[in-house]
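Number of protein chains: 4
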Amino acid sequence: MKLKMGLIGGGAGSFIGKVHHMAALLDNRIELVCGAFSHDPERSKQSGKDYLLRDDRVYGSYAEMIRTEKKLPGNQRMDFVSIVTPNNLHFDPARLALNSGFHVICDKPVTFSLQEAIELERTVRETGLIFALTHTYTGYPMVKEARHIVRSGRLGEIRKILVEYPQGWLSEPVEKTGNKQAVWRMDPAQAGISCTMGDVGTHAANLAEYITGLTITQVCADLTAFVPGRLLDDDGSVLLRFNNGAKGVLTASQICTGEENALMIRIYGEHGGLEWHQMEPNTLLLKWPDRSMEVMRTGAGKLSEAASAHTRVPAGHPEGYIEAFSNIYRNFADAVIRFKDSRQPDPVFDFPGIQEGVRGMLFLEKVVESSSGSKKWVDL
Amino acid sequence: MKLKMGLIGGGAGSFIGKVHHMAALLDNRIELVCGAFSHDPERSKQSGKDYLLRDDRVYGSYAEMIRTEKKLPGNQRMDFVSIVTPNNLHFDPARLALNSGFHVICDKPVTFSLQEAIELERTVRETGLIFALTHTYTGYPMVKEARHIVRSGRLGEIRKILVEYPQGWLSEPVEKTGNKQAVWRMDPAQAGISCTMGDVGTHAANLAEYITGLTITQVCADLTAFVPGRLLDDDGSVLLRFNNGAKGVLTASQICTGEENALMIRIYGEHGGLEWHQMEPNTLLLKWPDRSMEVMRTGAGKLSEAASAHTRVPAGHPEGYIEAFSNIYRNFADAVIRFKDSRQPDPVFDFPGIQEGVRGMLFLEKVVESSSGSKKWVDL
Amino acid sequence: MKLKMGLIGGGAGSFIGKVHHMAALLDNRIELVCGAFSHDPERSKQSGKDYLLRDDRVYGSYAEMIRTEKKLPGNQRMDFVSIVTPNNLHFDPARLALNSGFHVICDKPVTFSLQEAIELERTVRETGLIFALTHTYTGYPMVKEARHIVRSGRLGEIRKILVEYPQGWLSEPVEKTGNKQAVWRMDPAQAGISCTMGDVGTHAANLAEYITGLTITQVCADLTAFVPGRLLDDDGSVLLRFNNGAKGVLTASQICTGEENALMIRIYGEHGGLEWHQMEPNTLLLKWPDRSMEVMRTGAGKLSEAASAHTRVPAGHPEGYIEAFSNIYRNFADAVIRFKDSRQPDPVFDFPGIQEGVRGMLFLEKVVESSSGSKKWVDL
Amino acid sequence: MKLKMGLIGGGAGSFIGKVHHMAALLDNRIELVCGAFSHDPERSKQSGKDYLLRDDRVYGSYAEMIRTEKKLPGNQRMDFVSIVTPNNLHFDPARLALNSGFHVICDKPVTFSLQEAIELERTVRETGLIFALTHTYTGYPMVKEARHIVRSGRLGEIRKILVEYPQGWLSEPVEKTGNKQAVWRMDPAQAGISCTMGDVGTHAANLAEYITGLTITQVCADLTAFVPGRLLDDDGSVLLRFNNGAKGVLTASQICTGEENALMIRIYGEHGGLEWHQMEPNTLLLKWPDRSMEVMRTGAGKLSEAASAHTRVPAGHPEGYIEAFSNIYRNFADAVIRFKDSRQPDPVFDFPGIQEGVRGMLFLEKVVESSSGSKKWVDL
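Chains as they are written, first to last, in the numbering used here: chain X, 111 to 490; chain C, 111 to 490; chain W, 111 to 490; chain B, 111 to 490.
Simulated from the structure, these hints should not be mistaken for lab results. Mixed in with the good hints there might be a few duds.
Unchecked claim - Computed footprint of chain X on chain W, listed as stretches where at least three residues anywhere in the stretch have a Cβ under 8 Å from a Cβ of chain X:
id, region
1, 322 to 335
2, 349 to 360
3, 370 to 381
4, 398 to 409
Backbone N, C-alpha and C fix where the C-beta goes; we use that ideal spot for every residue, glycine too.
Given only the sequences and the hints, what does the whole structure look like? Please build it.
Rendered as structure tokens:
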């Protein structure tokens, strides 16, 4: 049985909507049955055709979609919504969907503000429904492996975490020349208190906490808007302190001219270190003080169950971003199916949820506070 | 409208069947409607469930499937078959499908023998239907770019081509310990006259001809079965001569212990060179005598229409093997849809077909002949 | 004519003494004529034999050496001293040598304290003699090229500088198990106020300022001694602000388990970025927003005069650490020879001097102050 | 005590002469005392000044140098000659030097013809003196380690050897535009029967035999002169068969446009594989069927005595081409010193000698024979 998905956002010109759709389709466990692609009904209809939807399942607003779908027979109506709108349009549809009995998968950052995130956490808890947040990068097999290795203790107590997410696409004021992705990210009314730190910095913070199981307890940040006229940051660096005494640095930037999407993390413990690059995602480097560096590879050698369960093809057949994204969808779908059967989610098929969303918004709020203040350390 | 696919082969234990299925689904233009997954009807039924098919569309043989589907109403019956069986089971279903009016997409090598390939070419020509051969690696954006660059003349006249496809998974006799993939590949009755040169060597030869537009005219080969007891080659190297006077080397091996799937090609012309590695598929290196090497990247900078048309996500979001495979399916589907509309295929959305299949079988036959003879050069 | 060198330090067990010697010899412009290798005359004599020196040119103290050599005839006595002792033994011999008319080349950090550095700067100025500081990494051809590129304006105004110097060799308390290099570096009486930030952090800061021509104006630091019992830092991260408004991060660590000597810098300007890794020193990456990354290589293509003048062999014949070190010695020797001829140093053959030494000590003092205080930014 | 070297060749415009000189100096065990840099006495004198030699030790011919030096007192005269002339000028000076009691270190290929090599072998044997051949690449620490690993049996029986040496500097007819290096290499009267296969192909063949301890027993070659007007090959590929049944491919080219000096070898055995690249010489990759690839590094972890004895600086401080070259000189010098003391050479400090020279010339002759004949395999 395939789960039925309704898409909120993702109309013409959207990059991330199409990615969500491909990610949902890949494993043949989800089908798109309806969508509210735009608040302009005409444009929504047009986008619905691109998605090969029947006209009567394309809506002019998320509210109409949720209300209408709710009334459909159980074998027709959508099972969950996928929310791919700008940050300011996550909270309302998510809450309405949950309160209407639909599970939710939502792009990050989870909401516009920390306050919204905390409220949404309450709604998730009260409804008991499944909520997934697409911190895509945690879906890569080698990220799962990294997490397994750190948590198994092979690296010893963690001391130092270097995580960075440099991009270059905002090194020029493309928001002034019609780049739709840039326009809303640089608009405080749509993006919130931060552009870059919210857009990519939260991915980096999530990755560090996901792999290590540690939590960031203090930040000392310096955010900048390098391109003249910007109201939100296009660059930032943060000194980090973790709950076990580990230290770290997080750098997120969208003005690192010439960089593509170079999320990278290095983690050093007493006994060893690891390194992972999103742009070469099937490789995980393990470093040791007294013997050769090991190059772990997706699908090769002896990997953890966590890594194997998120691998689709044999070693040397590169798995990429869409597959990582599909892993989030696949695991979310698995949890939804188990929910229908009144079963608990399988911990092997994990995915980020509302807690990660709240952590991300807390991180963001404290980083912005730190950057604008004169106090050295701000507690999370 | 989605095209309807029938799958031949791809039952439990098949790796490549699932890959074909994912590749077909990704772009929401194809749906699987039926299958003949095994010649054992019970096992076929079981596999049908894994694919979420209705029982009445799961068949006990390809012949039954083709015969039955042909009788279904046009809005229900499959549009094409996808053939993912061992080499000895390509020709018969392909010919039957074509002669029954179904388009065909088929795994490589195209047939069991050159003779079959030539016959199939005739059938394709006579029926006028669409036939695609899944030389997957030609589906990568940077392979398209490489082809564009060579054909644009930027490298000058091509002189030297080094193509290699080392794998290591047959360095031990895994065919004796139940590896299903190895069993049929090492069985002359199923694989034909060659294991490694057919399985991966034909990919390498195809890649060289695809990118350069040249044809191999002479070969001098040395094939080996290193693992005792094997009837077919597990390794081979071939000196190549091309129709423009270029020279080359093709190495294909499955006993390069520790190698994953390391298809790689380097092409040198009078004015420049290029290098592409399948395991880092989003990077294309351009080398020049008097200036810096250029690192071209999927989705970044100024790329050809050919590359852009085969790219799904922005630069730095790795696209992998499944996406390359999907490009073959997407382009095949595009040609089928155009066929229905009596339109010609769009050359931007190219894919390997029966001619490439015949070339591959010719290459294979001549390489085997060369290896077993004392003549230095064998003409193709 | 070869210049005559006297070595201070570098006895048995010293790593860096032998490196200085090789670096001095490589270009046939310098010969070692005398040394004070240890304050133990017997051990000094023994080391003298390893260096193939005559007994009468091996001294029991640097003071004896300087005093005695001064009295030798001009065609016999040393021209300069090379100081390779621990930090606390730089200032006195350097000052004595200068005041005795000998030029000085000295390992870094230049002195034990900022105060000493400032005093030494005065002595250098007053004597007018040549003083070189072995910030080795500025001797690499591709570092010269990077500097040339930044200063030529090709990257536009610089915005972001990421420099890091991770090592792993102090991840265990090797100073307790007899590692001579570790013992003095972790002893405040010999090393000064910092271990890691002085040992490698100053290299990183120097590299950033050298390449960009910018100066660090503010720091916000977090230093740590992770290994229990240490009195000095074995790790640190620093947020940086530069005089033109650029921001940066400097990470220096010796507890990044498994890292070798991974000095690396990335610099991003309005129009492009660059990246250089000490462990692959012959490669310089240039990144652009709208075209392919360029891989510049020592000896290949069109390089600046600055790079070419520091290259010894054709492209593809790797030049390494010793060659970079030799470039410092070669350029220092060139300046000494010009001094003898009353000529100015040639700016193409540049080398770090006492100003860089003072900058390094200032950086170090402010970083330590920042780390121990609650103020967010400390001015340099 | 330093050994005294006399240089034959290496005058103005010579690249390799200066490299030999730097390599000889680095370890403070050798000094240049005399030279015959050119057959034009005036030019020889001029070059002597560049090398800082006294005029009376600069000669107008090698014969004069050998004759004159022989008469000097033992504490003044040279101990050995270093021959860095074109191929046609190796044999005569080498034989004269040996017959005059001088040890010899000689650039490769050892002689102009196989016949000369065999004769020279006899002279070496008869005089009992030390003869070294500068197959530089065997001097790298990681090549020593590779040899140690293969010979220790860790990879199992060797099956497949892929060695290649692509360069691009002859992709245009630079011999017609005054490139001195190209002029003699493309002149049959100076270079012999081959350009590229002799210049770089013999390095590749030597490397394969050196690391594996196997011998090439059969070749099947295809040599080409791609650039019009050339009398000697600028490119070639060779199928190889080894004495244990292993197979291989050797590619040597100087028309691989854009390549620098990309010597690379991969060796696959029953149990594992290894890979080494000259342009990243401090890294050695070990590949295994069932566990992670290992990245061995100069100076890091547990290495063989062979590797450690050829390493000068700690891990992460790159050692390059000059250091590898110095290792050949250092080991040759060690053997000469031991010879003076009537001791046997230390096998840890190995270096290529006349046997390797004869092997190289045999390989070369048979490759040229194979390329021009119609027989598939030519025996060595």
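### Query
Can you give the numbers of the hints that this structure goes against, from lowest to highest?
The structure breaks none of the hints.
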